[in-house]
Each structure stands twice: as structure tokens, then as C-alpha cells.
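Peer 1: Both chains are given apart, each in its own frame, so use the hints to dock them into the complex.
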Amino acid sequence: MSEVPDGPSVFYIDRHFIHEVTSPQAFGGLKERGAPVFRPEQTVATADHNVPTVDQHLTIHEELSRVQVEKLRQNCIDNDVTLYGLNHPYNGIVHVIGPELGITRPGMTIVCGDSHTSTHGAFGNIAFGIGTSEVEMVLASQCLMLNKPKKMRINVEGDLDKGVTSKDIILYIISKISTGGATGYFVEYAGSAIRSLSMEARMTVCNMSIEMGARGGLIAPDETTFKYIKGRKYAPAGEQWEKSLEYWKTLPSDPDAEFDKELYFNAGEIEPMITYGTNPGMGVGITGRIPLVEEIEKSSQASFIKSLEYMQFSPGEEMQGKKVDYVFVGSCTNGRIEDLRSFAAFVKGKKKAGEVTVWIVPGSRQVEKQAEEEGLIKILEEAGFEMRQPGCSACLAMNEDKIPEGKYAVSTSNRNFEGRQGPGARTMLASPLTAAATAIRGRVTDPRNFL
Amino acid sequence: MPIEKFTTLISKCVPLAIENVDTDQIIPARFLKATTRDGFGENLFRDWRYDKSGKPKEDFVLNGSRYEGSILVTGKNFGSGSSREHAAWAIKDYGFRVVVSSFFADIFKSNALNNGLLPVQVSDRFLEHLFQQVEADPGTEVKIDLEKQTIHLLPDGPQEQFEIGAYKKNCLINGYDDIDYLLSLKEKISEWEKNRVL
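The listed protein sequences correspond, in order, to chains A and B.
Just so you know, we're using my numbering here: the first sequence kicks off at 1 and counts up by one.
Just so you know, we're using my numbering here: the second sequence kicks off at 1 and counts up by one.
The shape of chain B in the complex, shown without the other chains (with noise of 0.2 Å):
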């Protein structure tokens, strides 16, 4: 089944200057009791977003009109923790295309890119200068190029190369997504299995 394709983007970001940020802070785990992948952004950040009467906290970055648009930039290692995809679905189902941070966990490095969410790493120095200019001016925009693996704050501001392997560059850019390729491998792993050890 094909994942959302991403070539470029250009967008508006929502700067979360927090560290650590964890998947329990994503996603608590009380809503974790759906049985299907869709719904989980209204509860993205739940207990930073809204206080216990469900009411939305203003100084939350997700609340009010200062900041918008489907990058989030985030503090170093951004999604460790618990495993649970929930955090990458939420997080895509918000809205967001583009995660931005010089850090983060495997389990949810990999989570995003099997959800067609772009997990961007960059340099301490460049994620402090994004802090800084989005806080300054929330108008500011930036151009993730995934074919290039670059990210720009625009107009004229720093640039710098991410990475990505190859392998999941090609799939998000064409929307595959590992299950499919797995399936056609089938005969092959049979074979395979003949000879195991265990």
C-alpha cells in the first residue's frame, strides 16, 4: 500500500524549544486504545496542550495563531521512549510533514519514515539559529529539497545537508513502502528459512 510521496517542501514552522522530548509526552499512553491508525493528532502533546478541564493552554505552541505550518522543530533527541508508532501517527495526523531536530531516537526515526513523516536532522548550531529566527519572526519559511537532502531557511539564511539512506530517500519519494517489497520476497525467505540454525 503506497505512503504519502515527499519531494520538497516549503512551510511555516512551530518551533517546541524542549529536549527529550518523549513519546509519552506525544501521545500519553491513555490514548493509545484505538484499533485503527487514524484520529491520534487531536490528541497530539495532550497534557502540554490542554489543562485537565480539556481546555487548550495558551502558551502551548500548538495553541493560538502565532505559529503554523506542517514542519515542527524540535529540542535534541526528539521521540525516545516508548516504541509506539501512535506518536508518529499522531504527529502526521495533525498535520505535520517534516520533524526538524539535531537528535533523535531510532525506534521513532524509524516509525516516522515507514508513515511518510520526514524526520530532518541537523546540526546543533543550525537548529539553535531555526529556534531563534522562528521565534523572532513566525512568518519565516523554510525548503526541505529530500531529492537534494537539504534544508534552507529562506530567503538567503544557512543551508545544510541531512541524510537519509538511500534506500528509504526512494521510497518516500515515490511513495513505497516496505511491506509491498517484503511480500514480493516471500519464495525467497522460504528457501531461506530451509536453512536456519534454530
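The shape of chain A in the complex, shown without the other chains (with noise of 0.2 Å):
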């Protein structure tokens, strides 16, 4: 919008998503200032992150988590905020709900105190997570004081193997340029693996950019993207639908747009993917092992080796065949309904492990309905398993769903720091189709035995 001199830049905010922990500090400063929501309409609010995942009709039973859901509800009211609360039909993780009522589109400017806000970009729009006290400024003002950062391309050509998923794509870049990668850059994913995907495979990659430390990553909007969009809850329609396809169109970086880097890798290269260690950059195809203490960087050597202790493991350890204790499949990574298809269309005629525990947590109400008119929930009933309700759920275990102390588990979701999914709890990310394999088999599995 404008700039300071010699500073940052004013940056406007189309949509602004808000959830119940990041909030609430926002809305007390506000109040302490006696200033108003500038633009209440262009906020949608969801209860997502410390909400249980089962009897969500009733009163949640932890009481601070209780406490923040309800000061959500109010703080809504207090301020005209459009709230998609517990019970809502439209409830669920937001950056799953975003998308699928068409409020996330292409060409906006898109922020929520939340890091996954990058999952948006795959819309070909700027979205990006944000701390609290930018949520109210955004409350206060619809913008916010921005430096612009440096600009990454990020290549992926080919084609990808036979149970290579996108998320398996994101996890090999992140092994390749470590969790720092990217820091103090925003990144364009391009080349043809990355156009051949799905909205829904876009959004698993783009999701994750924050995990190579970019704040935001995107997708150039196609007829992919438009297609995805169209007939959606509040998707522009009739006269307004041309007009904002002309301007989608216009979107696309030029031919001869110019990177700060650029970075190039080849889809057929890329296994499944599997992480071994206490950040995402720690990840191996899964026929792969873990590097020894000597492969390592010197001045990270005493980093990775507090990281194996933690989980465990021994370095130039094969990760197919590691026993599992529990398979997490969800969050704003893999939550939506291709993840559940996928998931289902492989335990199909199979059976669970005995021994290992799954959640399966939709990432929203109308996922979850989905599901149900699909018959994937009869599928997954039949191969032993069962559906949760909605939420963030084991992803950053803020309610009770916690992977116990010492446990092993296979999770679709997108950081395996030390207790995110709970204290003391060992977490190798992978995809749903490797989650699915390794659910049937009760070790890690590469899917591809089953294809």
C-alpha cells in the first residue's frame, strides 16, 4: 500500500483467518486500546487446534482449552467476526476450510497466526503465518509493516513413480536444502511434477515451505486451480466469476521473471519419503538409511546425534521395518479428502496391524461428510480402522489426542520436533500412502510392495 522511508512496507490484507489460541492476546490488546476491528468481513475465525476429536458435542472437558474456544466465541461476537465454531458444518483446521468454501483464491494477500498459512499459496496468492501481535495489528489496521523478502524458484520436472506422492515431493526438497533452506525467501513452486498435481497434492507441498524456514510458498493459478474453485460455497459467481478468471489469468510470473535462486530437482528421483531424526530436513527414501555421524556437517554433528538419542535410532540404521506403535493420519498437511481416498483406496480388502494404534482425523466437518457419502468410512471400517472427528488433533497434540511417551508414530502431519506430538513422543513424518502401508504391516513399509 505504501512504504515507510528507509523501512518496511504497508502491506494490505485481503483475508484474514484466526483460530482460538493465537487470538485471543490479539483481541485483549485491541480491547486495551480501544480500538475497533478495522474490517471484521474480512476475518473468518475456526476453532481447530485444541479441540477434542471425539464427542464434540459435548462440553470439552479440558478446561483451559475449553476456555480458549469459548473466549473465541465471544471475542466473535464482541467484534462481528464469522465464526466456524465446534458443531459448525463448516468447522475444521483452517487452512482445510479456507480452501474448500472458496475464501482462499488466486491474486489475494492471505495471513493467519499460524505457520501452515502457507498452505493457501497454492492458489497462486501470498499467504504466510503470522505472531499475535500481527494478528492484531490485522485486526486493528487490515495491514502490516512487511520487508519484502528475496524470491526462490523451485523447479520440479518429470514424472513422479508409482506411490510418490506430493508430500513425499516436499520432504525430499526439505532433506535436500535442510530446515533453514529457505529462510528470508519466498518460494514459487514450479515445473511439470509440480503442475501435473492435484489442488489438493499443491496444497500438501506448498503447506510445508515453512518447514524449510519460507514464510510462504506458491503455485501458479492454472486451469487447475479454477477448476478446483468454481461452484465452491463463496467462490466469486456469474459476471464476477469471468471477471476474476481474467484477472487470475494475468497472475503467472513472467517468462523471464527473475529468482534470487533457483533450484532444480528431478520427480523421478524422489522415493517415498520417511524422517528419521527431530526435524523435518531429516528425512530419507524410505529404502534409504540413516547417514552416519561422519556424513554429517561438523558443526552439526552434536545436533544430530541429541536428535538420534531422542528417537532412538542408531546412525546407518535401514528405516523400512522399524516397528510403529501408532499411525497418525490428518492436519493441514494431509487432512483433506484426497488424502482419505488415498488412504482408504489402500487398506482396502486389507487389515490394520493388530498391535498398532491409528487416528484418522478428518480436517474438517465437510471432509468428514465426504467421507461418509464416499464410503470411505465403511472401507476404513471394514479394514479395522476408525474415523475421529475434526481438528489439529496428534498434529501438535494440544488436546488429548497424545502419542505417549516413548512411542513411535508414523504421522501424515509436518514437524517431528522433539514432543510435538507429545512429551516424549518419536515421530517419523511420511505420506498417507506410506502411513497406510505401515498401518496394514505394524513396521515401516514402503507402499510400492503393495502396488
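Just so you know, these hints were derived from the structure itself, not from any lab.
Among the hints, erroneous ones may be present.
Computed list of chain B residues with no C-beta within reach of chain A, every gap over 12 Å [to be verified]:
{"no.": "1", "residue": "L9"}
{"no.": "2", "residue": "S102"}
{"no.": "3", "residue": "V122"}
Each computed SDA-like pair below joins lysine to any residue, with the alpha-carbon atoms no more than 20 Å apart [said to hold, decoys possible]:
{"no.": "4", "chain 1": "B", "residue 1": "K168", "chain 2": "A", "residue 2": "F38"}
{"no.": "5", "chain 1": "B", "residue 1": "K33", "chain 2": "A", "residue 2": "E400"}
{"no.": "6", "chain 1": "B", "residue 1": "K188", "chain 2": "A", "residue 2": "V4"}
{"no.": "7", "chain 1": "B", "residue 1": "K194", "chain 2": "A", "residue 2": "F38"}
{"no.": "8", "chain 1": "B", "residue 1": "K168", "chain 2": "A", "residue 2": "K323"}
{"no.": "9", "chain 1": "A", "residue 1": "K306", "chain 2": "B", "residue 2": "Q121"}
{"no.": "10", "chain 1": "B", "residue 1": "K188", "chain 2": "A", "residue 2": "F11"}
{"no.": "11", "chain 1": "B", "residue 1": "K33", "chain 2": "A", "residue 2": "G7"}
{"no.": "12", "chain 1": "B", "residue 1": "K52", "chain 2": "A", "residue 2": "Y310"}
{"no.": "13", "chain 1": "B", "residue 1": "K52", "chain 2": "A", "residue 2": "P8"}
{"no.": "14", "chain 1": "B", "residue 1": "K168", "chain 2": "A", "residue 2": "P8"}
{"no.": "15", "chain 1": "B", "residue 1": "K168", "chain 2": "A", "residue 2": "S9"}
{"no.": "16", "chain 1": "B", "residue 1": "K169", "chain 2": "A", "residue 2": "Q301"}
{"no.": "17", "chain 1": "B", "residue 1": "K194", "chain 2": "A", "residue 2": "E3"}
{"no.": "18", "chain 1": "A", "residue 1": "K150", "chain 2": "B", "residue 2": "Y167"}
{"no.": "19", "chain 1": "B", "residue 1": "K33", "chain 2": "A", "residue 2": "Q320"}
{"no.": "20", "chain 1": "B", "residue 1": "K168", "chain 2": "A", "residue 2": "E297"}
{"no.": "21", "chain 1": "A", "residue 1": "K298", "chain 2": "B", "residue 2": "F126"}
{"no.": "22", "chain 1": "B", "residue 1": "K76", "chain 2": "A", "residue 2": "L308"}
{"no.": "23", "chain 1": "A", "residue 1": "K407", "chain 2": "B", "residue 2": "D47"}
{"no.": "24", "chain 1": "B", "residue 1": "K168", "chain 2": "A", "residue 2": "M1"}
{"no.": "25", "chain 1": "A", "residue 1": "K150", "chain 2": "B", "residue 2": "F60"}
{"no.": "26", "chain 1": "B", "residue 1": "K76", "chain 2": "A", "residue 2": "Q301"}
{"no.": "27", "chain 1": "B", "residue 1": "K76", "chain 2": "A", "residue 2": "K402"}
{"no.": "28", "chain 1": "A", "residue 1": "K402", "chain 2": "B", "residue 2": "G54"}
{"no.": "29", "chain 1": "B", "residue 1": "K186", "chain 2": "A", "residue 2": "A237"}
{"no.": "30", "chain 1": "B", "residue 1": "K55", "chain 2": "A", "residue 2": "M1"}
{"no.": "31", "chain 1": "A", "residue 1": "K407", "chain 2": "B", "residue 2": "F60"}
{"no.": "32", "chain 1": "A", "residue 1": "K407", "chain 2": "B", "residue 2": "W48"}
{"no.": "33", "chain 1": "B", "residue 1": "K194", "chain 2": "A", "residue 2": "T109"}
{"no.": "34", "chain 1": "A", "residue 1": "K323", "chain 2": "A", "residue 2": "Q312"}
{"no.": "35", "chain 1": "A", "residue 1": "K402", "chain 2": "B", "residue 2": "D47"}
{"no.": "36", "chain 1": "B", "residue 1": "K169", "chain 2": "A", "residue 2": "N147"}
Simulated DEER-style distance windows between Cβ atoms [said to hold, decoys possible]:
{"no.": "37", "chain 1": "B", "residue 1": "T8", "chain 2": "A", "residue 2": "L292", "range": "42 to 50 Å"}
{"no.": "38", "chain 1": "A", "residue 1": "H57", "chain 2": "B", "residue 2": "S190", "range": "40 to 48 Å"}
{"no.": "39", "chain 1": "B", "residue 1": "I173", "chain 2": "A", "residue 2": "N147", "range": "17 to 25 Å"}
{"no.": "40", "chain 1": "A", "residue 1": "G288", "chain 2": "B", "residue 2": "A136", "range": "47 to 55 Å"}
Ideal Cβ placement from N, Cα and C applies to all residues, glycine included.
Peer 2: Here it is in C-alpha cells:
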């Protein structure tokens, strides 16, 4: 919108999503200043981070969670903000409901007090996570003070092998460039492998941009994007649709656009991926092994050893065949209908390994409803699985869904940090297909063995 | 609302020589359930600092009497992961005013600056030297001068310049807050909105 002399830009925000955990202090600050919410119609709220995933029709047992969810409700009422709260048919994980309701669209600027806001970039927009002070800024003025990031383009060319998904693409990229490899950058994902992905698969890629340090990651909008948006609840319609479409088609980068950094990857080299350590960059192809200490840069060796100690893994070990206690399918990374479809198609006619506990958590009420309508829940039940109710769940274990101490989980979520899925929990990140193969065998399993 | 001003600081350091410290380690998600900004320092580095029964772990740098001071020195890529501002609140609430590292995650950096907590990015070499010095002599003092943008290992160790945007530097020195500034722009923003494409 404008620039502070010798300083940041004043950046206008088209859409602001909020949830119960990172918004209460922002509303509190605003109240203290006596300032109203400037553009309440441009903010949408949902309760997702700490909601239970069973018995959502009952009062939330956990007192502090209940207080936060209640506080969100009150703040939304007091400030005329639309809330898709617990039990609302549109409730769900913030980054799942925005796209599925057609609120997320190309060319917008979108923020949320959540680092996985980069998910929305799959539609060709500027979307990124912010802190609570920034949530307060957006509520107060619909603007943020920002410095221009550097630009990076990541090109993935070629065809993916059978059993390799968009989750594997992004885990592969992060394993190559590390968790800080894109810090300071905004990323555009390009190349034939990216173009060929569905919208939901693109969202999985953009979702994990933050795991390599990029505040945001986007993909140029194309026919796949337009087809996905058309007809959704809040998508433009009629004449407005045509006008929007015309604008959206102008958005892709110019052919001669310059980037501060450009990276190239070959899709054919990507295997189903799995992480072995305590950050998302510590991943290998599923047929691979954990690196040896001497293969790690000297200054990072101490952190590497600490990480393996936490995981109780040894350098050089193979990942396949490792025993798994829990499998978690869900989150803003892989909790959409396509993820449930691919998981269900994989386990159809097979049986869950007896000793594994599996939590399947849909990303939203609409995903849950669609899974029911498509008969996925029945397929899952026949294979010995049950589906829980929507929410962020064991991705960050703010609710009761915690992986117990010392237990191993293969998770379709985005972070394998120490204690992320519960104090002492040991997480291995993977795709829904790898999660499915693992749930059937009870051990880390290459999904390609079944295909 | 003013933030706490920052000009210069001379202090001892607490060295946390671990890389990629993510915000889940700084403050685990299960402690994000407050609805105010206060009190998060109690659970700073919770699972590294306390055992399951809540007893302080002796070998962790915040425990025991070996290290003290209001400068936290950490390994590279500090503050990655979740955007939770609670991480910055927890560090500040505990009593730190400065975090020194060779590399910071973006969101953490803005959250810190918005709360009067100064992230000081130094070279890998300076960081290594600082760790060695502080671990060898916990009494080592460091001087941070925001006006001059320098970090100096006292009394006669190396000195380095650090980067900070002119705008944020001015905010910190004077205790200004972005929200007050943005609120002053409301009329201009309304004017701008008339020409929005969307």
C-alpha cells in the first residue's frame, strides 16, 4: 500500500483467518487500546488447534481448552467476526476450510496466526503465518509492516513414480536444502511435476514451505486451480466469476521473471520419504538408511547425535522394518478428502496390524461428511480403522490426542520436533500411502511393495 | 502501547549450544492455553529444563548457578517451526532481552522485535568464539549497543556489527509499537481500499 521511508512496506491483507490459540491476546490488546476490529468481514474464525476429536457435541473436558474456545466465540460475537466454531458444518482446520469454502482465491494476500498459512499459496496468492502482535495489527488496520522477502523458484520436473506423492516431493526438497534452506525467501514451486498435481496435492507442498524456513510458498494458478474453486460456497459466480478469472489469468510469473535463487529437482529420483530425526529436514527415501555421523557437517554433528538419541535410532540403520506403535493420518498437511481417499483405497480389503493404534482425523466437517458419502468410512471400518472428528489433533497434541512417551508414530503431519506429538513421543513423517502401508504391517513399510 | 525500550546492554550470557531450536522446544504447545501474554517464562524450554515429575534437570543451562544473565546465546536456525509468539513472550518473560545466534527463523525474528526482544545475528565464527569463551568463563560479559549495531565480547574480545532495519531499530530505541503507527494510517488505508481489485 505504501512504504515507510527507509523501512518496511505497509502491506494490505485481503483475508485474515484466526483460531483459538493465537488470537485471544490480539483481541485483548485491541480492547486495551480501545480500537475496534477495522474490517471484521475480512476475518474468518474457526476452532481447531485444541478441540477434542471425539464427542464434540459435549462440553470440552479440558478446562483451559474450553476457556480458549469460549473466548474465541465471545471475541467473534463482540467484534462481528464470522466463526465456524465447533459443531458448525463448516468447522475444521483453518487451512482446510479456507480453500474448501472458496474463501481462498488467487491473487489475494492471506494471513493467519499459524505458520502453515503457506498452504493457501497453492492457489497462487501471498499467504503466510504471523505472530499474535501481527494478528492484532491486522485486526486493527487490515495491514502489516513488512520487508520484501527474497524470491526463490523451486522447479520439479518429470514424472513421479507410482506410490510417490506430493508429500514425498516436499519432504525430499526439505531433506536436500534443510530446515533453514529457504529462510528469508518466498518460494514459487514450478515445473511439470508440480503442474501435474491436483489442488489438494499442491496444498500439501505449499503447506510445508515453512519447514524449510520460507514464510510462504506459492504455485501459479491454472485450469486445475480454477476448476477447484468454481462452484464453492464463497467462490465468485456469474459475471463476477468471469471478471475474477480474467484477473487470475494475469497472475503467473512472467516467463523472464528473475529469482534470487533457483533450484532444480528431478521428480523421477524421489522415493516415498520418511524422517528419522527431530526436524523435517532429517528425512531419507524409505529404502535408505540413517546417515552416519561422519556424513554430517561437523558443526551439526552434536545436534544430529542429540536428535538420534531422542529417537533411539542409531546412525546407519535402515528405516524400513522399524516397529511403529501409532499411525496418525490428518492435519493441514494431509487431512483433506484426497488423503482419506488414497488411504482408504490402499487399505481396502486389507487389515490393520493388531498392535498399531491408528488415528484418522479428517481436516474438516465437510471432509468428514464427504468421506461418509463416498463410503470411505465403511471401507476404513472393514479394514479395522475408525475415523475421529475434525481438528488439528495429534499434529501438535494440544488436545487429548497425544502419542505416549517413547512410542513411535508414523504421521502424515508436518513436524517431527521433540515432543511435538506429546512429551517424549517419537515421530516419523511420511505420506498417507506410507502411513497406510505401515498401518497394515505394523512396521515402517514402503507402499510400493503393495502396488 | 509502548514496548520496552532498548539502547545498550552489558550482561553475562547463557549458552544453549544447540542448532535448529524450534518453537515447540522454546514453549511446548500444551502450554499455549493462556489467553494473556504473561507467565510463559515459567515453561520456557519446559521439556529440556524439567523432568517428568517437574524437577529441574541439573545439566540444563537454565538450571544451577553456573550461568546467568539476560543474553541467550544459541546455535544456528533458532526459532524455526510454529509461528507462536508465545516463544518470544516466554524468553522475554524469563528475563532475557537479547538472543544471539548465527541464524534466526523469520517469524521468530519479527515476533521478538515486536516484543522488545532483540535478535542479534552474528557470524558463525563469532558465535563459536562466544560459546567457547562463555563456557570457559561464565563470568564473561558481552556489550550490545543497538545505536551502533555492535556486539562486543568484553573486555577486549572480538566485536561485530549486526543488521537491523532502520525502522525497527528506531521502534526499539524509542519503544514505539507498529500497531500505533498502523492505527494512525486508517484514513489512508480506507482511501486505498477504494481501488482494490478483489
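Peer 1: Now, for every hint given, state plainly whether the structure supports it.
Peer 2: Now the hints, each set against the structure:
1. L9: holds, 22 Å
2. S102: violated, 10 Å
3. V122: holds, 14 Å
4. B:K168 with A:F38: Distance ~24 Å between B:K168 and A:F38 Cα, so the pair is violated.
5. B:K33 with A:E400: holds, 13 Å
6. B:K188 with A:V4: holds, 13 Å
7. B:K194 with A:F38: Holds - the C-alpha atoms of A:F38 and B:K194 are around 15 Å apart, at most 20 Å.
8. B:K168 with A:K323: violated, 50 Å
9. A:K306 with B:Q121: Distance ~24 Å between A:K306 and B:Q121 Cα, so the pair is violated.
10. B:K188 with A:F11: Given pair B:K188, A:F11 holds - Cα atoms ~12 Å apart, limit 20 Å.
11. B:K33 with A:G7: violated, 35 Å
12. B:K52 with A:Y310: The given pair, whose Cα atoms are some 15 Å apart, holds under the 20 Å limit.
13. B:K52 with A:P8: violated, 44 Å
14. B:K168 with A:P8: With a Cα-Cα distance of about 9 Å, the restraint between B:K168 and A:P8 holds, given a limit of 20 Å.
15. B:K168 with A:S9: holds, 12 Å
16. B:K169 with A:Q301: With Cα atoms ~35 Å apart, B:K169 and A:Q301 exceed 20 Å; violated.
17. B:K194 with A:E3: Given that 20 Å is the threshold and the Cα spacing comes to 19 Å, the pair holds.
18. A:K150 with B:Y167: holds, 19 Å
19. B:K33 with A:Q320: violated, 38 Å
20. B:K168 with A:E297: violated, 34 Å
21. A:K298 with B:F126: holds, 17 Å
22. B:K76 with A:L308: holds, 19 Å
23. A:K407 with B:D47: holds, 17 Å
24. B:K168 with A:M1: holds, 19 Å
25. A:K150 with B:F60: violated, 37 Å
26. B:K76 with A:Q301: holds, 13 Å
27. B:K76 with A:K402: Violated, at about 29 Å.
28. A:K402 with B:G54: holds, 19 Å
29. B:K186 with A:A237: violated, 31 Å
30. B:K55 with A:M1: Outside the cut-off at roughly 51 Å; violated.
31. A:K407 with B:F60: Answer violated: A:K407 to B:F60 is near 24 Å, above 20 Å.
32. A:K407 with B:W48: holds, 18 Å
33. B:K194 with A:T109: holds, 16 Å
34. A:K323 with A:Q312: Status holds; Cα separation ~12 Å.
35. A:K402 with B:D47: holds, 15 Å
36. B:K169 with A:N147: holds, 14 Å
37. B:T8 with A:L292: 42 to 50 Å: holds, 46 Å
38. A:H57 with B:S190: 40 to 48 Å: holds, 42 Å
39. B:I173 with A:N147: 17 to 25 Å: holds, 18 Å
40. A:G288 with B:A136: 47 to 55 Å: violated, 40 Å
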